[in-house]
Amino acid sequence: MSSNLIYEFCKKIFPINRSITGKGVCETLKIIQGELPSLKIHNIPTGKKCFDWNIPKEWNVNEAYIIDPDGKKICSLKDNNLHLVGYSVPVNKTIELEELEKHLHSLPGQPDAIPYITSYYKETWGFCISHNQRESLKEGNYRVIIDSSLIDGYMTYGELLIEGNSKEEIFISTYICHPSMANNEVSGPALVTFLSKFILTLNNKRYSYRIIFIPETIGSIAYLSKNLTIMKKNIIAGFNITCVGDNKNFSFMSSRDGSTLADKVALNALHSKGIKFKNFSYLQRGSDERQYCYPGVDLPVCSVMRSKYGDYDEYHTSLDNLSFISSDGLNGAFEIYRDIIEILENNFKYTNTQICEPQLGKRGLYPNISSKKTIALVRTMMNLLAYCDGKLDLINISEIIDEPFWDLVEIAKKLESNGVLKKAHNK
Amino acid sequence: MSSNLIYEFCKKIFPINRSITGKGVCETLKIIQGELPSLKIHNIPTGKKCFDWNIPKEWNVNEAYIIDPDGKKICSLKDNNLHLVGYSVPVNKTIELEELEKHLHSLPGQPDAIPYITSYYKETWGFCISHNQRESLKEGNYRVIIDSSLIDGYMTYGELLIEGNSKEEIFISTYICHPSMANNEVSGPALVTFLSKFILTLNNKRYSYRIIFIPETIGSIAYLSKNLTIMKKNIIAGFNITCVGDNKNFSFMSSRDGSTLADKVALNALHSKGIKFKNFSYLQRGSDERQYCYPGVDLPVCSVMRSKYGDYDEYHTSLDNLSFISSDGLNGAFEIYRDIIEILENNFKYTNTQICEPQLGKRGLYPNISSKKTIALVRTMMNLLAYCDGKLDLINISEIIDEPFWDLVEIAKKLESNGVLKKAHNK
Amino acid sequence: MSSNLIYEFCKKIFPINRSITGKGVCETLKIIQGELPSLKIHNIPTGKKCFDWNIPKEWNVNEAYIIDPDGKKICSLKDNNLHLVGYSVPVNKTIELEELEKHLHSLPGQPDAIPYITSYYKETWGFCISHNQRESLKEGNYRVIIDSSLIDGYMTYGELLIEGNSKEEIFISTYICHPSMANNEVSGPALVTFLSKFILTLNNKRYSYRIIFIPETIGSIAYLSKNLTIMKKNIIAGFNITCVGDNKNFSFMSSRDGSTLADKVALNALHSKGIKFKNFSYLQRGSDERQYCYPGVDLPVCSVMRSKYGDYDEYHTSLDNLSFISSDGLNGAFEIYRDIIEILENNFKYTNTQICEPQLGKRGLYPNISSKKTIALVRTMMNLLAYCDGKLDLINISEIIDEPFWDLVEIAKKLESNGVLKKAHNK
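Chains as they are written, first to last, in our numbering: chain A, 1 to 427; chain B, 1 to 427; chain C, 1 to 427.
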């Protein structure tokens, strides 16, 4: 992936004013559907009960700004989607600075940055502003215009189901509810769009794939409330894909369990590439794995990220923009997830067809002269065979015999075609 | 416990000449009964078979002393109960120094100390004497008087059963068979007396309590022989309380298993207070846990002590006296055992009532504005919820999420009253 | 074993020209049978299918040599059995040096050594020669004589079954297919011969013994193909005995599982003697444990060695000769294997006959005066009793209470004869 396709896609969806409901989500999903025609778009009506939650009202906004005492328009949504607190109620009134200040949010420690604030579940309004600009506001009357609406409507999400040879599923989740931020969030849906395209090109897929583009939290809860039984039954590994755009770090955050197949494959993919990464525990979670790993759900879901949400200064501010992410950052993350898919597709458990060591020589698999040198040459093949007991998978054996996973895949395929190994039928 | 009530109680029972049977035990139990009127006093007759053992004869002594060649009375029981070897047979004869020497015990390495010696199961007699005094004895005739009796009588012990909401029991054992020694032993029954008073004040106790004051070894064996079935069925955690009087150390000795609920709670109580302690393995045992953890019994019993028996120079000598122990020492140990009781009473396993994360906001449990700051604020609550799977108890979760046990108790109660958590019914 | 009996036996069988079939094996087995009259010699015919393998043709050779251009006889089998590549086909022709070179094997890094080379499964011929001698060969015609035969015959092996009280078996395997090398291999069959003699002298054996002298690889595969079911059922520990002759190192190579009874006993024997050893993982295997631990076989087999095959420069060359091994080396290895046998025979699981601690005093097992000193004296006995739960064996308890295995055997026997312990009937 040396092209900048993913980065270009990020640029396309970055300007959209997304929230957990509303036109921004729909517009984003339409663009994704342009790349993935088989994406299904679902709507859940306002008020629908999803476990402990209800789908909130649909929020849309046409414009929002403040006219300062000098008649200058400031904090305009047209300048930056972050200026308006998400889910702000409609407002059209003139107030004094003192009153306005109660509705302003800024970051004294990052005076140039506009923070990102929402208030989904309590009706209020507010503007986000750089601290420098806030400090320059004069006394006087301010006209506040928020042309927004909160109506009974829908929460919208996208779902792509790809059938493989088995009903067992790999689960991929990403979110589409943040306006105009790059690492968190457009890197996520952009990468997942291109990862989905890659999966669609795979022939003879071993696993099925369940890929969703949802609003964070309420989206995963709503999706689980509709699909929990089948997900619990079929998902063998899952990944919450977010913060995959910058080029500063790799990060790994384990599942709650910490030792699921998803964790094991993700770590193998990172180690195989020799990548150093920041290792986060499940205690440092903050995204939809909160739902996927919750005790009543308990799915095997972890995350490989670049700079993790909450772990970089630009997080949830206007500084998390298109110059914070890069083609290199996105492509590096894409490669890891492509590797994860390929490892999963190839991580079989094999059983020996023979009770003792097979006679490799008669199958052309063993040098005929046995000397000091040749003993070493067949060692990896013999070590692989010695652990193919139908219980250990190739990742396990790769760790035990300290040989790269892909070397073992290649040898195992050769041994399988020679009738020396066969695939084990258990998971 | 800033008062010196426990220390005063130690002073009251210190002078009594206890042994594994006889009037000293009875007198001690009467004084304890003065504090704990519901204490039941039981008698088991001499000769009664208890597993591999038989209750020994009841031993009493009126006076014991030696008249030296100058006519001076030495080694008089009236001066120090330790002078007479426990269970000495009656003697009234005049012997030469050479013969007397065979019956004297002293400690060359601690020349001022009178050692503590007993001979319960072989009939003999002897005197314990400081090595300095022994060295000063002259040749000549010595009159030996031991006015003791060994008769078919009773072994006596005290038992306090306190009913709670559940039949599950916390077991507390201490011993009352050592004459006039402070850390080992009066600190034990004194602390257990006041710990019992504390337990009796608890309202709505989750657990029942089985508290016994017994002679060491034969007492625990006899008690087990009468109560093994019910104890095996009901006891979930137990503590052998001894050596809890001085202020030099804390010590912990694990159960044989090493990872029972008793061990876990004791360690949590010590760690919660930030107490440094000497960690002893079960191999360094020497008291009634020998019986409680024996393979055929196998109860979850451990010990928190101050200076452990055998681990301080004054142990089993006249130097283990009332100046070796202190109010501070006793009260510090009392606090740990009070904490252990309170942790046990509050160490529930909880289950989430919701499949996914509950909506805390609608229950007033979550700040309505989501920003960088507030994400951190609810983290502990969310972490607790994320591990309430009905299998982990609050001690386990406290270790996993690295938050103090009592913080979790408080949050869990709040979440339970809000209907988000419920208690799990398994142990 | 301070005599040099084993070394003398090595000298006797060293000169024989063994291979995986043929007269050398038979002659070696006859000599072993001289020491072990109950050894049974078995023949399996050429072509017989053994799992994935077939018994190869029987190979014999009368003489083999080369006449150089000066008429001098070189590389004569009479000078050193290693000169001829094992399983060389008959040859009688004159060729030029250039052609001869294609059939010569030497070691440039060890110019004085004749390497050891075989070609069992591809028909070819060759000579092994020191690199120095090879460098001195002149241009010209060379007469090559190999008077060998490859015929339908037999593969021969020896088997010694020794019956004990139980059908459970200790398995011992060694190989007899290498010509004229000392550490690898004559040390192996020599040690096993004398170890078998030792086992035969044991009275009232707890276990049965299955001891085999086989050609490496094809021999173990053939033996397993005949005996797998009974071996899987009965063998509780096994040892592949090879490379036990030199005095440089001890080496240990675990079973594939790594924690079988065989591993545990071998490590206990080494630790008990305070022996430092090189610890090899199963990945460094190279002998018949390849078959014994193969997934479909999965027997508990490990190896204690002196210098391990492949881990010393002289390995598989003419330098692995009678001066590389020594009486001290052989006897040291013999002692470890004798200890292993004795530990296995004595490694019982015991159960207490009493629920609580037994009253040792009334059985004369406990000093009657309890004082500081005597408390320490009975500690080991009490610790042993405290862990005799019918599940832990004496090796386990030895590790837990950190006391030597043989001390525990002695105490356990005493306690058993006093009726305080009884043997547990599970494995």
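Don't take each hint at face value.
Because identical chains cannot be distinguished in the list, a pair is counted as satisfied if it fits within a single copy or across any two copies.
[As the list claims (entries may be wrong)] Here are the simulated lysine-lysine pairs, DSSO-like style, with alpha carbons at most 30 Å apart: (1) K276 x K248; (2) K232 x K102; (3) K362 x K57; (4) K23 x K49.
Hints in this document: simulated from the structure, not taken from any laboratory. Note that this is a predicted model, so its numbers are computed, not measured.
Right, here's what the structure says about each hint:
For a Cα distance limit of 30 Å, the shortest separation of K276 from K248 inside one copy, 11 Å, qualifies, whereas the shortest one across copies, 42 Å, does not. For a Cα distance limit of 30 Å, the shortest separation of K232 from K102 qualifies neither inside one copy, at 46 Å, nor across copies, at 64 Å. Taking the closest pair of Cα atoms, K362 and K57 come within 30 Å of each other only across two copies (15 Å); inside a single copy the shortest separation is 72 Å, beyond that limit. For a Cα distance limit of 30 Å, the shortest separation of K23 from K49 inside one copy, 22 Å, qualifies, whereas the shortest one across copies, 74 Å, does not.
Violated hint for the displayed structure: number 2, the only one.
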